[in-house]
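From just these sequences and the hints, can you work out the full model?
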Amino acid sequence: MAAYQQINTYLNNHYDGMNPEQLILLLFNGALTRLQLTREGIEEKNIQKKGENLSKAIAIISELNASVDSTMTDDSTQFLRGIYTAILTELPNITLNNDLKTLDRAQGYISRLKDIWETEVMPKKQVSPPEIANNTVLKQAFPSAFNKECPKKSFHAICV
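Here the sequence shown is numbered in the working numbering, starting from 1 and rising by one per residue.
Since the hints were made in silico from the structure, they are not lab data.
Each hint should be verified, as a subset may be incorrect.
Below, in silico cross-link-like pairs of lysine-lysine (DSBU-like), each with a Cα-Cα straight-line distance of 30 Å or less [what the hints assert, rightly or not]:
| hint | residue 1 | residue 2 |
| --- | --- | --- |
| 1 | Lys114 | Lys101 |
| 2 | Lys114 | Lys49 |
| 3 | Lys56 | Lys114 |
| 4 | Lys114 | Lys124 |
| 5 | Lys56 | Lys101 |
Beta-carbon label-pair distances, calculated as ranges [said to hold, decoys possible]:
| hint | residue 1 | residue 2 | range |
| --- | --- | --- | --- |
| 6 | Ser70 | Lys124 | 15 to 25 Å |
| 7 | Gly108 | Glu63 | 12 to 22 Å |
| 8 | Glu52 | Asp104 | 13 to 23 Å |
| 9 | Ile47 | Asp69 | 31 to 41 Å |
| 10 | Asp69 | Thr89 | 16 to 26 Å |
From a predicted model like this one, the values you see are computed outputs, not experimental measurements.
Backbone N, C-alpha and C define an ideal beta-carbon position, used for all residues, glycine too.
See below:
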């Protein structure tokens, strides 16, 4: 019991004082780390490593999705929610078929979103996390996704 309390105290102190932008960046980094470990689990044919890390990646991406302001309805926000939802829909399929292409796409999207976060949000400390969706940066990073002809119904169909 004492060890659990010490770990809990450490974690609380570790994240205490971080602003929301830093916490979101930690989520992006965590998701990318877990996706890489999932890849290693697949390549090593280590089912436990693959499953545990895929599960953690899904949980982290779910948290990123939950951090998007649900009251915003502009195109960029809808796209951001859509990409997270598409990733979350497709990632569980990796458990069944070890599809590295799906894993590559998820890593690519999360990596691009992380880069946008680092270059556009982190330097502007006054910007709150939901406001990234209002920024034209998403439209610049994923231009064809905002094309009205681009089907956005599935992860495979996101035009990037």
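Results for each hint:
no.: 1; hint: Lys114 with Lys101; in the structure: holds (20 Å)
no.: 2; hint: Lys114 with Lys49; in the structure: holds (24 Å)
no.: 3; hint: Lys56 with Lys114; in the structure: holds (18 Å)
no.: 4; hint: Lys114 with Lys124; in the structure: holds (15 Å)
no.: 5; hint: Lys56 with Lys101; in the structure: holds (19 Å)
no.: 6; hint: Ser70 with Lys124: 15 to 25 Å; in the structure: holds (22 Å)
no.: 7; hint: Gly108 with Glu63: 12 to 22 Å; in the structure: holds (20 Å)
no.: 8; hint: Glu52 with Asp104: 13 to 23 Å; in the structure: holds (20 Å)
no.: 9; hint: Ile47 with Asp69: 31 to 41 Å; in the structure: holds (38 Å)
no.: 10; hint: Asp69 with Thr89: 16 to 26 Å; in the structure: holds (21 Å)
Checked against the numbered hints given earlier, this structure breaks none of them.
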